[in-house]
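For the record, the sequence lines run as chains E and R. Per this note's numbering, the first sequence starts with residue 3, numbered consecutively. Per this note's numbering, the second sequence starts with residue 3, numbered consecutively.
None of these hints come from the bench; they were simulated from the model. Be aware that a few hints might be false.
Since the list gives no way to pick out one identical chain from another, each pair is judged satisfied if it fits inside one copy or across any two copies.
Unchecked claim - Taking lysine to aspartate or glutamate pairs in the EDC-like style, the calculated list, with each CA pair at most 20 Å apart, reads:
(1) 678 / 57
(2) 62 / 482
(3) 627 / 644
(4) 260 / 311
(5) 243 / 150
(6) 656 / 183
Here the structure is a predicted model, which is why all the values come from computation and not from measurement.
As a plain string of letters, each chain reads:
Number of protein chains: 2
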Amino acid sequence: MRLLAIALGLALLVAPAARAEDGYDLWLRYKPVEAAAKGPYAARAAAIAPARAAETPTLKVARAELERGLTGLVGKPIRAAAGSRDGVIQLSVAPQAGLSDEGYRIRTEAVNGKTTTVIAASKDIGVLYGVFRYLELIQTRQPVDKLDIASSPKVKLRMLNHWDNLNRTVERGYSGQSIFDWWRLPGHVDPRMVDYARANASIGINGTVLNNVNAKADSLTPPFIAKAAALADTFRPYGIKVYLSARFSAPIEIGGLKTADPLDPAVAAFWKAKADEIYKTIPDFGGFLVKANSEGQPGPQDYGRTHVDGANMLADAVGPHGGVVIWRAFVYSHEQPDDRAKQGYSEFKPFDGQFRDNVVIQVKNGAIDFQPREPFHPLFGAMPKSNLGMEFQITKEYLGFSTHLVYLGPLYEETLRSDTQAHGKGSTVAKVVDGSLDGRKLTVMAGVANIGTDRNWSGSQFDQANWYVFGRLAWDPEADTRAIAADWAKMTFTNDPRFVKPVVDMMMGSREAAVDYMTPLGLHHQMGRSHHYGPGPWVAGGERADWTSVYYAKAGPDGLGFDRTPSGSNATAQYAPAVGACYADLKCVDEKDLLWFHHLSWDYRLKSGDTLWNGLVKRYGQGVKYVDGMETTWAAMAPYVDAPRHAEVTDYLKIQRDEAQWWRDASVAWFGSFSKRPLPPGEKAPPKTLQEYEAMTFPWAPGI
Amino acid sequence: MRLLAIALGLALLVAPAARAEDGYDLWLRYKPVEAAAKGPYAARAAAIAPARAAETPTLKVARAELERGLTGLVGKPIRAAAGSRDGVIQLSVAPQAGLSDEGYRIRTEAVNGKTTTVIAASKDIGVLYGVFRYLELIQTRQPVDKLDIASSPKVKLRMLNHWDNLNRTVERGYSGQSIFDWWRLPGHVDPRMVDYARANASIGINGTVLNNVNAKADSLTPPFIAKAAALADTFRPYGIKVYLSARFSAPIEIGGLKTADPLDPAVAAFWKAKADEIYKTIPDFGGFLVKANSEGQPGPQDYGRTHVDGANMLADAVGPHGGVVIWRAFVYSHEQPDDRAKQGYSEFKPFDGQFRDNVVIQVKNGAIDFQPREPFHPLFGAMPKSNLGMEFQITKEYLGFSTHLVYLGPLYEETLRSDTQAHGKGSTVAKVVDGSLDGRKLTVMAGVANIGTDRNWSGSQFDQANWYVFGRLAWDPEADTRAIAADWAKMTFTNDPRFVKPVVDMMMGSREAAVDYMTPLGLHHQMGRSHHYGPGPWVAGGERADWTSVYYAKAGPDGLGFDRTPSGSNATAQYAPAVGACYADLKCVDEKDLLWFHHLSWDYRLKSGDTLWNGLVKRYGQGVKYVDGMETTWAAMAPYVDAPRHAEVTDYLKIQRDEAQWWRDASVAWFGSFSKRPLPPGEKAPPKTLQEYEAMTFPWAPGI
C-alpha cells in the first residue's frame, strides 16, 4: 500500500489535474491503447535504439516524437541498442533504393536475431515522416508485427498558404487570429509554433507561406525578414520551408523606385538584392508566392508587361538560391469578361512553355472561386509545358465558415479524379498535379489554411479533418478520402467502431449536403456579399457584375443557370474536346454540374422526372435533412467522446441546422419569385417574406 | 509491485500526457501541497458537507470549485454531513451580522463536537468568495486549523472594462483577440468564458463591460443583446453582471431618429425602450458605460446639452430596473485647452450634486492618460455630492505592452494612498473610491482589462499579476500591494521562499524602473505617436497639440517640464489648497512629480546635488540597470519554475532590456539636443544619431 501511495502521489505530482480535451492535440493525442490491444504494440516498442547516424535536429525531433508517442500509447520505451533485444525500434538514415528524398521505409527485420522495427530513409526528414506513420499505425490499431511499408510523396511542394495579415487578422479566417505573432517575433517564438510544425510534418506538409497573397510590402523589410527567419529556424527541423507572398509593387513601396516594371533593370536588381538579403538569413527560404493583377493587386500588366515577364524576373532573383516563384492563375482583371470562368485559361494558356523552370502556376481547383462545387479548372491539362500547381481552400469561405460540419475530402477527391482527357482517358487532374502526366518535376499542392489561434486550431473539431485530409492528399493525390477520414476520426476521437463507422459516413456525405442546401444542381456564388456568409441570391449591382449572385445564377422567368455551352459563353471549349462536349450536352453532363453549364427552363425535366423547379426545391430540403441526420448521429456519439468536444460539435451542428434551413428558405423564396410555380407537394413555404430575408445584415462577420 | 503497476497505469489513463504549464490556469492552479506541509490541510479537508441551503447555481459552482481546489491541493474530499466527523467543510447561507451582502466569514467551529470549517455568508455569492479565500489560504500555505476570518468588499461595483471591439480587435490590447466570440454567440459559448468568470470571482470582480467605450451602436441591436445575454447567463452564477458601453448617438444609428439630443422626448423614449428590451433578456443587466464628447465620440454637447443632461437621461432609462450609468470623466473636447490636465476637472466639478443617484462619474487615476506616473486626478475629493469611480488601466498601453514586466500594484497603491486633503489630512483617494469620505453608497473601481485570447490570458505571465492586484484592491483599496504580489507569486508559481522573496522584490521595483527608463522625474506622454510603443519625445505637429510629446515635455534651451504652478497653467489650483501649494512649491513637491508641475533649467539642482540634466540622464540609466537586475534575478529562478513559463519570461525580459536601453538612448539623444550639455561621467553616448531614432517606424503595432 505504501508503494501504491507513492505511485499515486507521484502521478498526481506529474499531472494533478488532467485538462479537459479541447482539440489542441489534433490527431496527435497519443492516448493509451486499450489494455486488450496493447500487447503487440508494447512488444514492438520495447526500446528505441540510438539513431544509426549523427543526430541532426530533424532526427532529434523524430526520436522525441517517437518517445512522446510511444509513452502515451504504450508506456515509456527505454533506450537500447538494436539487436540487443526484441522489440527495438531503429531509426536509420542511409540511401534507400526506390524512395524519393523524402520517402521512408518501415520494415520488421532481424538484427542479431532480434526482431527490430527499422524506420529508414535516405534523408533525416524521411525518418521523421516514417515515425509519424509508425505512430499512426498504432493510433489506428493496425498490426505492426510484420511491417514492410515504403512511401514517397508524389508531390514535391506540399504547402499551406496562410492568408494572414501582419496585424494578425486572417482573410477568410474563422478560427481566431493569425498564429503568427509578428509583433513579438523574433524576440519570442510562441511554443505553439512547434506544435504547428509537428502537426504539419505528421501529414507531410513541407512548406508554408506566412502572409496573405494580398500582401503588404512591409513583410519584405529587414525587421519582418528577421521575424520570418525566427519561424524558419523553428520549422526547419520539421522539414518545413517558409515562403513569403511578395507584393509586386514592393520596389516602389520599400525600394525607393518609381516603377515596378519587371523589365526595368533597377526593378530586377531590387528583387535580386532582396532575394540575396532574404537568403542570407533564411538559407533554405522557399520562394515567393505572387498574386498579380487580380482584385486590385499590382502586377506586370500595370506596365504593359505579361505574367511571363513578371514571374520570370522574380524567378531569376530566387533561382540562384534554389528558390521558386509560385504565380497564381487566379486573375481577376479590372475589365469584366463575358464569362468570369474563362479568364484564367484565357490569360495563361497562351504562355505555356514560356515560364522559367522554377516557376509554378498555381491554379484554383475550379474556375470561379472555391465554391461548394465546381467543375475542375480548364487549365489543368492545358499547359503541359508548364509547372501547374493545385490551390485548394481548406478554410471554408463559401462553406459555412467553421460552424458548418463539411468534410472537404470528397470535394478535393472529386477534382483530383476528374479526367482532363488531355492525353486521352485517365489524364486525371491528380496526374497533372503530381507531374506524371507531362513529366513535370516541380509540383505543388497548396491549401489555403484554416488555422488560427482558436484553441482547437481550425475553429471546430471537424475542420481539423480538412487540414488533415489536405496534407494526406498532397502526399498522395490519389488517396482515398474515406480511408483518410477514418484514420482521422480514430486518431482524433476513438477507434471504437461504434463511433468510427457512423461518423465517417456522416463526414463523407456532409459536403454534398452543403452543396444541396446552398447551391444545388450546379448553382454557384449565391452567398452574401463580401462576407460570403449565408444566402444572398439577390446580391446585384455594386462594383462589378461578376461579384454578384445574379450574374452567376441568371434566374429569370424563363429559367435558371449560366449557359457556358457554345450557344452561350462557350467556356466548355476551354476543356479537351471530349470533356467540353459532354459538359455542353444535356444528355451527357452530370446533373451536379447542370446549371453551371446550362440555362434551363423551370420546367426542364430532371432525370428524377421532377421539373427543374421542383427538383431544385427538393434538393435544398435534402441538404437540410442531412444536417438533421448529422445532429441525430452526433447525439448518439456522446458515449464515445469527451464532454467538451462533444458539446462544441453539438452547438455547431445546431447552428448549421438553423442556417441550412435559412439557406433553403431564402433561396426558395428568391428563385420562387422568378419561377412563379407552386412548391412541390409536402414542401413548406418559407416562414418569412423575401424582403425579410433580403433585409438581414451581418455586421462584424469574420474573415473579411 | 502489481499494485504499483495498476496505480501507475491508472494514473496514465487519467492523464497520459500532462500538458506543459502555459499560464492558462492563472493563480488557480491547485497543485498538490508538498508532502511535508499537507497534513494539516488534509485534516481540515476531509469532507464537504451538503450546503445548508437550497443549492443555487452559485452554491453549485462554489462547491464545485471547492472540490476542484481541494482535489488538486490535498486529494479528493468525500461528501459527509457536518458534525459526523472532524475536518468537514460546511458551506452556509444565513444572515451574517457585520458583513455586507457580498461578504463572507470563515470560522473553525465545533459541530456535534467535531471540528468543522464553516464558510458562511448572507448570500450565496459570499460563500463563493469565501471558498476562493479558503483555497487561497491553502495555496499560500497559511494555517487553517483555527480560522476566524471575516471580509466584506469596500467597493460596491468592482469591474473590468473591456475595450473590445465587435470584430474582436482590442483597443490597447496586447494579449491576442477579444475573448468575446461575438460571431459564434449565442449559439456557442466558449468554455473559456467559465474560466474567465472563475478567475474574476476569485478576486471579487462582480461586473464586466463587454465592449469598447469607443462603442458601436450595433452592440445595442437585438442580435447583440442576445449574444450579451448568453454571456450574462454564463457569468451569473459567479456573481458577475454584464454592462454595455453605449454609443450616445445610437438613437440615430439604430433608432431611426434624427437626433440624439438628451432632452428630446423621442430620444429619452428610445433609451427607455432600449433599456426595457435589454432587461427583458438580461434581468440583472448592470447598466451603461458612456464615453461622451471625448476623442470624437458623440455626446450631449453635440446638442448644446451638458454631461448632466446626458447622464441623467440614461440613468432614468435604466433606473427603474436597478441599473446604473457610468459616465466617464475622460473628456477630450475638440477645443484644445491651455492645459489638457485641467479639462476633466473644469468640465465636471461645476456639476457636483446634479447627477442622479444611479450615475457614477468614472475618473482615470490621473489627469492625462494612464502614464507610468501621474499625480492623482484633481476630481478626487472635489465632487463630494457625486458618486466618483476610479478607472485604472490594467493593460499596459503606456508601459511597454505585454512584453515589459511592470507590476502595477505600486502604481495603483500610490494613487489610492494619495491624500486629497479634501476634508483635511487622511482624505485619501481610497476613501473617495470606497465612498467613506463623503458617505457615498454607489462606489466603483474599474480596470481596463488586459485579457485576450492569448493562452496565458494577459499576454505575459507577469501581467496576470496586474489583473489579480486590481481585483484585490477593488475589494479593499487600502490593501498592501506587496502582500498581494506575494500571494500571487505563491499561487501562480511556488511557495518556495527562495522564489517568492526575490521575485516579489523584483516586481515591487519594476514600475519605478519603467518610470525611470521611460519618463523620469515627472515627464509624461513621451511615447511613439498613436501606438504609444517606444520612445517618441520628438512627436510634434499633427491633429492636435495635446496628442504630442513636445506639448508635455516643453523641452527647450532654457530647460524642461510643464509649468502647472500659478505662474503657468495653474493646474495646481484644482487641488485642495494645501496639496496644490505643495505641488507648486519646489521645496515641497516630490521630485517624482517635478517636471509634471515645473519647468526648470537644465542646471536646476536636484536633491542629489546633480543638475537636472545630469540627474535625468542618470535616472534613465537606473531604469535600464533595474531591468538588467530583473534578468539576473529571473535567470536564478529556473530551478523553481517550469521550463515553458520560465522561457517565456526570459524572452520578454530580454525584449524589455533592449527596449529600456532604446528608451534611454533615444531620450538622451533628444533632450541632449536641447540641453547641449555633456553627459555625466561614465554615461555612454547613444549609439545612434537622433535622426536614426526618429526614423524608426513600427507598422502593425498591436492595440490601435
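Legend entry - Unsatisfied constraints (hint numbers, rising): The structure breaks hints 1, 2, 3, 5; every other hint is satisfied.
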